[in-house]
Structures are given as C-alpha cells and as structure tokens.
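Order-wise, the sequence lines are chains A and B. With the first letter of the first sequence counted as 1, position 377 gets the number 376 in numbering that gives the first Met the number 0; the numbers rise by one all the way through. With the first letter of the second sequence counted as 1, position 129 gets the number 128 in numbering that gives the first Met the number 0; the numbers rise by one all the way through.
Please note that the accuracy of each hint is not assured.
Straight-line alpha carbon distances no greater than 35 Å define the calculated DSBU-like cross-link-like pairs of lysine-lysine that follow [unchecked claim]:
| # | chain 1 | residue 1 | chain 2 | residue 2 |
| --- | --- | --- | --- | --- |
| 1 | B | 457 | A | 294 |
| 2 | A | 435 | B | 492 |
| 3 | B | 130 | B | 33 |
| 4 | B | 124 | B | 377 |
No lab work stands behind these hints: they were computed from the structure.
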Amino acid sequence: MIKEYLKIDKVVGPLVEVSNVEDVAYGEVVDIKSRNGEIKKGKVIRLDEDKATIQVFENTSGLSTDNSSIKFRDEAFELPLSKEILGRVFDGLGRPADLGGEIFSRRKYNINGRAINPVAREYPRDFIQTGISSIDALMTLIRGQKLPIFSGNGMPHNELAAQIVRQAKLGEDSDEEFAVIFAAIGVKHDDADFFRKSFIEANAMDRVVMFINYADDPVAERINTPRCALTAAEYLAFEEGMQILVVMSDITSYCEALREVSSAREEVPSRKGFPGYLYSDLASLYERAGMLKDKPGSITFLPILTMPNDDITHPIPDLTGFITEGQIVLGRDLFQNNVYPPVDILPSLSRLMKDGIGEGYTRADHPDLANQLFASYSKVQEVRALSQIIGEDDLTENDKKYMEFGRKFEDLFIAQGFEENRNINETLDLGWEILKVLPANELTRLSPELIEKYYNN
Amino acid sequence: MTENGRITMINGPVIRGRGMSGFKMREMVMVGNKRLIGEVIILEEDTGIIQVYEETEGLKIGEEIVSTGKPLSVKLGPGMIGNIFDGIQRPLLKIDEVNKDFIPEGIGMISLDEEKLWDVELTVKQGDKLKEGEAFGYVDESGLIRHKLLVPPEKSGIVLEIKDSGKYSMEDVLVVLDQDGVRQELKMYHEWPVRVSRPVKVRKEIQELLTTGQRVLDMFFPLAKGGTCAIPGGFGTGKTMTQHQLAKWSDADIIIYIGCGERGNEMTEVLEDFPKLIDPKSNRPLMERTVLIANTSNMPVAAREASIYTGITMAEYYRDMGYDVAIMADSTSRWAEALREISGRLEEMPAEEGYPAYLSSRIAEFYERAGYVETLGKSEGSVTIIGAVSPAGGDFSEPVTENTKRYVNVFLGLDKELAYARHYPAINWLDSYSGYIKVLESWYEENLSDGAIPLRNKMLELLFRENKLQEIVMLVGEDVLPDDQRIILEISKIIKAGFLQQNAFNKEDTFVPIKKQYRMLQIIDYLYERCKESVALNIPISMVKNQDLFDELIKMKYTVPNSDLSKIDEIQTMIDDYYNELNGKYTN
Ligand SMILES: Nc1ncnc2c1ncn2[C@@H]1O[C@H](COP(=O)(O)OP(=O)(O)O)[C@@H](O)[C@H]1O
Ligand SMILES: [Mg+2]
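All chains, full assembly: derive it from the sequences and hints.
Following this line, the structure appears as structure tokens:
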C-alpha cells in the first residue's frame with residue numbers, strides 16, 4: 000500500500016524530515032511532490048520511532064513544510080534493465096534523457112547491488128592491450144580490474160580515457176560482446192560532449208550506455224549516478240555475458256556530494272570534512288568490478304578523479320588507492336613538458352599485472368623489463384635532483400647516462416600520439432631499446448640471460 | 000523465555016530497540032522479519048543498541064528483536080582448516096550455495112558443517128581423570144593438522160561414558176565426564192564467545208624465532224613465535240604482499256588469515272594460490288594449514304569489526320592444542336574504522352580524527368591476545384599477531400598507527416619511496432625495528448651462529464652510515480667523498496639490491512632458508528672487509544670496486560641455489576683471488 004503524507008517537518012539542505020509515519024522501511028524510495036506538481040526522488044536514510052529522515056536526490060529548493068506531499072513507494076531504489084539500454088542516454092538517476100522513451104523490463108534491479116561473495120569471484124588474469132606503452136608495459140590493465148586515473152585539473156584525463164576506450168582490446172575472441180558504460184558525475188557539458196563525440200567517432204555509440212549528471216544538475220543526484228551505472232554494468236556483464244568497461248568521471252564530485260549530505264546530517268567528520276564511512280562507501284562502488292567463476296562476463300572499471308591541488312594524499316585519491324587494484328597517476332611536470340599522456344609511472348601501479356603478464360600472457364621478458372624500467376627511472380629522479388644542485392656537467396659519466404635515459408624514456412616511451420596505438424611487442428621492444436642507453440651493470444633487475452637476449456642484440 | 004524487543008530506530012548498521020530488559024549486554028540477537036544477526040552493544044534499562052552484521056535495508060520500525068541468550072560466539076571444531084568464513088564465522092561456500100555469487104541477508108547463523116562425519120580417534124578410557132584443556136581424542140582435520148579434541152576450560156572429571164573410535168558428526172556426544180556429580184557431555188567442538196580470550200596455564204617468555212624466509216625479517220627485524228608485529232604503509236607499498244608472504248612461508252603450524260575490509264580479489268587470490276602451493280617442510284598444500292576469514296570492504300561494516308575477534312579466537316583454540324599459530328589481519332585500520340563508524344552513529348564523543356576514545360584500549364586488548372604460553376593441557380603453544388595498518392595519506396602520525404605502535408614489538412614501516420623504486424619488500428630499514436633481538440639472541444646462537452646478531456648489527460650500522468653519506472652526496476655529488484666512504488656506498492648498494500630486495504615472484508627467491516641468508520650477509524661483509532683493506536693500501540676505488548665481483552654478489556640470490564651453498568664458497572675464493580692479486584700488485 001502506498002502511503003501519502005502531507006506535512007514535512009523540516010527541510011535541511013538535501014534532507015527532509017517527516018513524522019507520524021508508519022510502516023516505512025529503511026532505504027525505501029520516496030516521491031516528494033512539490034506544489035508545482037514536480038516529483039522529486041528521495042530515500043529513507045534514518046528512522047526514529049515515527050520520524051523518517053529522507054535524503055532527496057534532487058534540488059530541495061522550492062520544497063517547504065506545507066506545500067509538498069510525500070509518498071513512500073514501498074520499494075527500494077530500482078532500475079528496469081534490458082539490453083535496450085545499449086545506445087541510450089540516462090540522467091543521473093537512471094531516467095531516460097534522450098528521445099528513446101522508457102525501458103520496459105519485467106526485471107528491476109536494486110541499484111545498491113549486493114556484495115560479491117569472494118568465493119564466487121574469478122581472479123582476473125587476462126591482459127587488455129590499451130595500445131598505450133606506459134600502461135601496457137608498466138601498469139598493465141587486466142580484464143575485471145578496477146584501475147582509476149588520478150588526475151588534476153586541466154590535465155588530459157578525458158583524452159586518455161577516450162583513447163583507452165577506443166583502443167582497448169576488451170574482447171579478444173570475436174564471439175565476445177563488449178560495451179562501454181560511461182557515467183558522468185558533475186561534469187561540464189563540454190566534457191560530456193567530448194566523450195559523446197569520441198564514442199561517435201569510434202563508431203561505438205550503439206555499444207555505449209551513458210548516465211549523465213552535469214555540473215549544473217542537482218548535487219544530491221550524484222550519490223546515485225555511479226550506482227545506476229554499475230547496476231547496468233552488472234546486468235550486462237553477469238546476465239547478458241558481456242565484457243563491460245565502465246568509465247566514470249569525476250569521483251571527486253561524487254565524494255563532495257557525499258560530504259554535503261553528511262554535513263547536513265551533522266555527522267562527525269573525519270579528514271577534510273569527509274564522512275568516516277567514505278572508505279566503505281567508495282568500496283561499495285569499486286568492489287562491484289570483477290569477474291565471476293560461473294559467468295562469462297566481466298566489469299573492468301576505470302574511474303577518473305581529479306586530485307584537489309594534485310595532492311595524492313588527499314582523502315579521495317588516498318581512500319581510492321586503498322580500494323582499487325592500482326592507479327594510473329598523471330603528473331603535472333610531464334604535462335607541462337608537453338608529454339602526452341603524462342603518466343607519472345613511479346606512483347602508478349597495477350596490482351593485478353603480476354598474474355597477467357609474462358610467459359603465456361604477454362611476453363616472458365615483460366615482468367623483469369618493467370621492474371628494470373621502474374628502477375632505472377626512479378634513479379633518474381635522484382640524478383636529476385643532484386644535477387639541479389651541481390649542474391649536469393659535473394655529474395659522473397654514469398649519472399649523465401641516467402639523464403639521457405630519462406629524457407629518452409619520457410620523449411619516446413611515455414609520450415605517444417592521441418591516435419597512436421602500439422602493440423605490446425612494439426612497446427616492450429621500445430623499452431629495451433631505451434634501456435641500451437644505460438651500461439649493462441646498472442641493470443640489476445635483469446638476469447644475465449635476458450641481458451644477453453635483448454640488450455646485447 | 001525473554002520477551003522480544005521491538006525496533007525503534009534504524010540508522011545504517013546501528014539500530015535501537017525497546018522492550019529489551021531481559022536481554023544481556025553483548026548478546027547475539029536476531030533482528031527484524033529477516034532475522035538479521037546482530038549484537039547488543041549498549042543496554043540501558045529496557046532500551047538496547049544493536050550493531051547489525053548484515054545489510055539493514057528494508058527493516059521497519061516495530062519489527063521484532065529476538066534474544067538468543069548467547070553472546071556472539073564461534074564454534075571451534077574440525078572443519079575450520081582449509082575453509083573460508085565471513086566475519087562472524089559463516090562459511091562463504093555454504094552461503095554461495097544458498098545464493099549464487101552475491102551475499103544475501105537473512106541467511107541466519109550457520110557455521111561449521113554439522114552433517115559431516117569425521118574420523119574420531121578417542122584416546123582415553125572409562126575411569127580416566129581428565130582436566131580442563133586435556134585431550135581426549137583427535138581428528139585428522141587435514142593432511143597437516145591433527146585436531147586435538149580438548150576438554151573445554153572449566154570442565155573436568157572422571158570419564159563415565161565414552162564412545163568407540165569411529166565416524167561422528169559435530170553434535171554427537173563423545174565422552175561424558177562426572178564433574179563432582181554433574182554430567183558433562185563433551186562433543187568435538189567448543190562454543191566460545193569471541194570477545195573473551197581463552198584461558199591458559201601461564202604465559203611464557205618469548206624465545207623462538209618465527210622463521211619467515213624473508214631476509215629483511217629473519218636477519219634484520221625478526222618476528223618471534225608468540226610475538227606481535229605491525230606493518231604500516233600507504234596504499235601500494237606492499238602490506239598485503241608481505242602478509243601473503245608470511246602466510247605462505249613462515250614456520251607457524253597454522254595460519255589464520257583475516258581479510259578485514261580489503262579487496263575481494265585478494266581473498267580469491269589466496270583461495271586460488273594456497274591449494275597449489277606446497278609447504279616446503281611437509282610437502283602438503285599450504286591450504287591444509289590455513290583458515291581464511293573474509294569480510295571484504297563492501298561487506299557489512301559491523302561484521303568487519305567482529306572478524307578480528309573471530310580470527311583471534313580460532314587462533315587461541317589451535318594454540319590450546321599446542322600449535323604455533325600466526326594470525327594475519329589485513330587491515331587493522333579497517334577494523335578501527337568500523338569502530339569509528341559505529342561510534343559515530345551512536346553519536347559518541349569522538350577523540351582524535353573521529354575515532355572513539357576507546358580505540359587505544361581496543362587495540363591493546365587485541366594485541367594482548369598474542370603470546371607464547373603453556374596451555375591448560377600443559378603443552379606449549381603460541382599465537383603470533385601480524386597486523387597491517389593503513390594510515391591515511393601514508394602518514395604514520397595518525398591515531399591507529401600511533402596507538403598500534405605502543406602495543407607491538409616489531410614495527411615494519413613500509414616506505415612509499417622504496418615502493419616507487421620497486422624496491423620490495425619496501426620495508427624501510429631506518430625506521431623499522433624488532434624488539435625481539437635481545438630475547439632471540441640465544442636462539443640465533445644455538446640455531447645459526449654466534450656471529451649472526453653481531454653481523455646483523457654491523458650491517459645495519461653500515462646502512463645508517465650510508466644514509467648519512469647520501470645526504471652529503473645529494474648536496475655535492477659522490478666524487479668528493481674519500482674512498483673509504485665511497486666503499487660504504489658501494490657495499491650498501493649490494494646489501495640493498497642483493498640482500499634486502501627480495502623478489503616474491505621468483506621461485507628461488509620467494510623463500511630463502513635462514514642459513515643461506517646468513518651466508519649471503521657474511522659474504523657481503525667479507526667483500527667489504529677485503530675492499531677496506533685494499534682502500535687502506537691506497538688502491539684507487541676504480542680498481543677496488545671490481546664490477547664483476549660486485550655483480551656476482553648482487554645476483555647471488557638468483558644464482559646460488561637455496562639447497563647448495565657451496566657456490567658461496569666459490570664466490571669467496573673469487574674474492575680472495577682478486578684482492579690477493581690486486582693488493583700484491585700495489586704493495587710491490
Ligand atoms: N615483496 C614484493 N615482491 C614483489 N612485488 C611486490 C612485493 N611487495 C609489493 N609488491 C608489489 O606492490 C604491489 C602492491 O602491494 P600490496 O601488498 O598489494 O600493497 P598494499 O597492501 O600495501 O596496498 C603488488 O601488487 C606488487 O606488484
Ligand atoms: Mg593491501
């Protein structure tokens with residue numbers, strides 16, 4: 000039975016309180032009708048005796064204590080899903096935002112999902128070639144991985160994500176279907192248009208599902224946007240058996256929305272005003288990526304976040320890094336030196352690459368080569384710091400070689416064109432070529448056999 | 000029968016109920032129509048606060064709260080080894096049978112398999128006198144673990160009745176004792192409240208190394224059986240890898256691995272790897288000595304809080320059989336955050352960074368459950384606790400790291416810079432420490448060599464000096480240092496690349512017997528001494544630093560087989576040949 004209440008006690012930011020309610024469930028969806036007939040969606044986030052606190056996913060301006068009515072819908076937040084969603088555009092709450100009309104489906108899915116049982120997971124091992132050398136060689140993307148891009152304002156994370164979407168070989172076998180889910184959370188119209196255009200250019204629009212909350216859309220809506228997108232991803236991956244790539248931008252806007260709701264609830268804040276449960280909340284999104292033993296599909300997840308002040312220790316990138324399976328970090332210095340993509344390899348990491356590269360996966364020399372490139376490039380940083388002080392001319396011969404290695408590595412290996420698609424063999428060969436700048440005895444991460452095979456030839 | 004309570008407030012995993020005057024503090028309860036599992040954490044007159052171990056979406060005000068009369072407990076008996084449980088000991092494989100792939104709520108309190116028949120060997124006879132903690136039989140739980148059936152604490156008496164050895168299941172009564180006229184029925188399991196530590200006869204001094212096969216630990220910062228250790232580090236610095244390495248290779252009898260609020264795939268990885276990895280001592284799969292507890296980051300937060308206690312209680316139970324048990328908790332910070340979240344929802348007064356004021360005492364209580372003991376049954380056993388800590392921003396001055404540091408004896412600080420340079424394990428040798436060096440001295444003397452600890456101290460000191468010298472190098476370059484100091488830099492490079500760095504993915508290097516570790520360190524020291532000698536003869540550093548020899552030492556971890564150390568003697572001969580000749584040239 001659907002109950003309707005005509006009196007609101009209080010409206011505080013995105014929260015609404017009602018009393019004298021009966022038989023209301025925690026998490027239940029609520030329709031709030033304002034005087035002009037507009038219906039706003041909300042959800043019960045606290046029940047105390049006969050009082051319900053409702054978080055409204057839309058703008059609460061215009062709502063007042065006596066001009067609105069509230070209906071409890073007797074259901075959780077659910078999306079109707081079918082394969083018809085492919086090629087469609089939805090708003091941040093999962094409502095159609097194009098001219099395609101409603102999605103009709105007998106099955107509706109709770110957008111909060113449920114935790115994947117760890118025993119049901121399949122450990123991800125399949126290499127996805129992105130055609131981008133820094134990523135493929137040094138922070139290899141694996142099918143079913145959650146690998147965020149840590150960026151900063153003004154840096155080309157959108158270009159990088161678009162290039163990955165365009166070039167990624169998700170389905171190696173021709174009989175595998177794949178699709179891209181793009182969730183925009185508080186992004187500028189320009190940025191959303193950029194992605195739309197790049198999907199169209201790649202002729203991929205019919206395999207893309209978009210969920211869009213623009214920067215000028217209601218902040219509170221953002222809490223649900225990633226959940227809608229991931230629910231669609233789970234549906235396509237685990238019920239339709241598709242290989243799904245989820246691109247989501249910008250997680251920072253999502254976290255800010257969460258902070259806003261939390262402060263309206265007067266919760267005890269943890270670092271930088273973010274709620275203490277930010278970690279668990281982010282985990283409830285990121286952990287939805289993966290693969291299942293008994294299902295053919297997969298969800299690979301590329302969230303994008305802009306680090307406030309490029310600070311990787313800020314709670315948003317920090318907590319993200321603690322949950323995701325690595326991170327691709329973009330560096331301001333490289334960006335200013337016109338290196339595209341400006342992937343700062345040292346703080347970057349793919350935790351799943353260890354089991355998805357090497358013999359039988361990419362190439363036998365891959366793990367040690369990657370290790371050596373990391374070690375040598377890290378030494379470059381030390382030498383550069385020293386040369387800042389004593390000048391490059393006064394460096395030892397050995398150190399000068401490191402300076403040269405560093406330059407070549409950035410200009411030839413990390414840097415590549417927006418349209419340039421290198422296969423893994425080209426990438427690894429290029430890595431060896433550049434290592435030749437350094438004397439063999441500096442290559443302590445390589446076995447004599449590898450040096451003989453790749454360095455001396 | 001206690002009257003049922005009624006829900007009056009729902010706020011995430013925290014609910015409040017009324018009509019609970021018959022309930023007890025810390026009691027396990029069933030909440031709502033779905034019978035969610037919860038625990039009473041505050042009780043005032045007839046109002047109680049409950050933390051719920053399952054998702055509370057869909058609960059309504061007025062639904063009932065049912066008492067179970069028992070504190071939150073685990074069943075301790077055969078069937079734990081090789082198995083994987085959630086934070087309140089529900090078997091995840093069973094849950095997957097009930098609901099494929101995703102974890103539902105309202106499955107109730109299931110734990111060990113009650114149907115399964117075990118081959119029970121009973122080792123006492125009618126008329127025997129049994130005291131608490133003594134064994135009355137055993138079950139071979141896995142190829143590796145003989146599960147002793149113990150008389151539970153506080154029970155004892157004369158054996159009145161006893162079954163024949165044979166196949167029995169969990170609920171079968173195996174032995175009946177006469178305890179001063181009271182019949183005590185013994186089954187093959189104990190039920191134990193997780194928040195109460197199991198009693199021991201006496202705590203003993205720590206005296207044995209927990210061998211790990213990891214050079215930086217065994218030779219520099221040793222762990223001890225019955226000891227405590229914290230591994231703090233920012234994300235990606237190697238906490239989980241280190242814990243996995245310890246779970247794989249440390250010489251504990253039993254490993255309890257708790258994935259507490261971390262990634263699902265990391266548990267899947269253990270589930271896939273461990274059955275395939277063979278224990279070097281017994282030639283059996285490592286899974287046969289391992290218990291997994293998984294309450295991953297997306298699973299309910301309150302159960303994350305409980306998972307630590309579930310794990311440590313299991314560890315104590317196996318300790319009571321006389322085993323050395325090591326428990327890895329990855330990560331204790333997530334447990335602390337669960338405390339914080341629950342506390343926040345209770346609107347308690349927060350202390351530092353929103354953590355409750357009792358954070359420190361909770362951490363202390365947890366680590367205090369480690370120890371080397373004489374058990375009630377008069378055998379010796381131990382629980383070693385190794386906790387990962389995940390400091391926000393990688394900054395060790397935050398409350399969880401700081402409070403943990405107060406209660407652990409080994410501190411393995413993971414370093415972002417080392418991890419960035421892919422120096423693994425990224426354990427920073429300058430700020431890590433082991434408080435067990437003194438107590439383990441005689442262990443090293445008896446089992447390795449008198450020279451082991453002095454050599455360790457010497458090498459560590461060399462690294463400290465190198466660090467100071469690096470500060471100078473960073474200002475003026477290396478060339479200006481006198482040769483005797485440059486040799487320190489060069490030898491330190493070998494220690495770092497050849498000894499401290501250890502490749503977990505290399506078959507030969509992933510686990511190294513302590514004898515080889517010691518020989519490696521000895522030969523590095525030998526080279527150092529020979530170099531010093533030559534430098535004292537004013538031989539130019541370019542000659543003293545023979546690249547081939549130095550390379551030989553850096554690569555010996557790969558080139559010297561773990562099973563044949565004679566190769567190191569050969570290296571020593573090479574060193575002698577080279578420096579004898581060199582010195583000869585310069586002294587004539
Ligand atoms: N001992 C090691 N040997 C080789 N690689 C390691 C080692 N420790 C860490 N790594 C690398 O670092 C990555 C992150 O380590 P992990 O233990 O998951 O970090 P944390 O748990 O601290 O976030 C791993 O995926 C692996 O690539
Ligand atoms: Mg970890």
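Outcome of the hint check:
{"no.": "1", "hint": "457(B) to 294(A)", "result": "56 Å, violated"}
{"no.": "2", "hint": "435(A) to 492(B)", "result": "22 Å, holds"}
{"no.": "3", "hint": "130(B) to 33(B)", "result": "42 Å, violated"}
{"no.": "4", "hint": "124(B) to 377(B)", "result": "20 Å, holds"}
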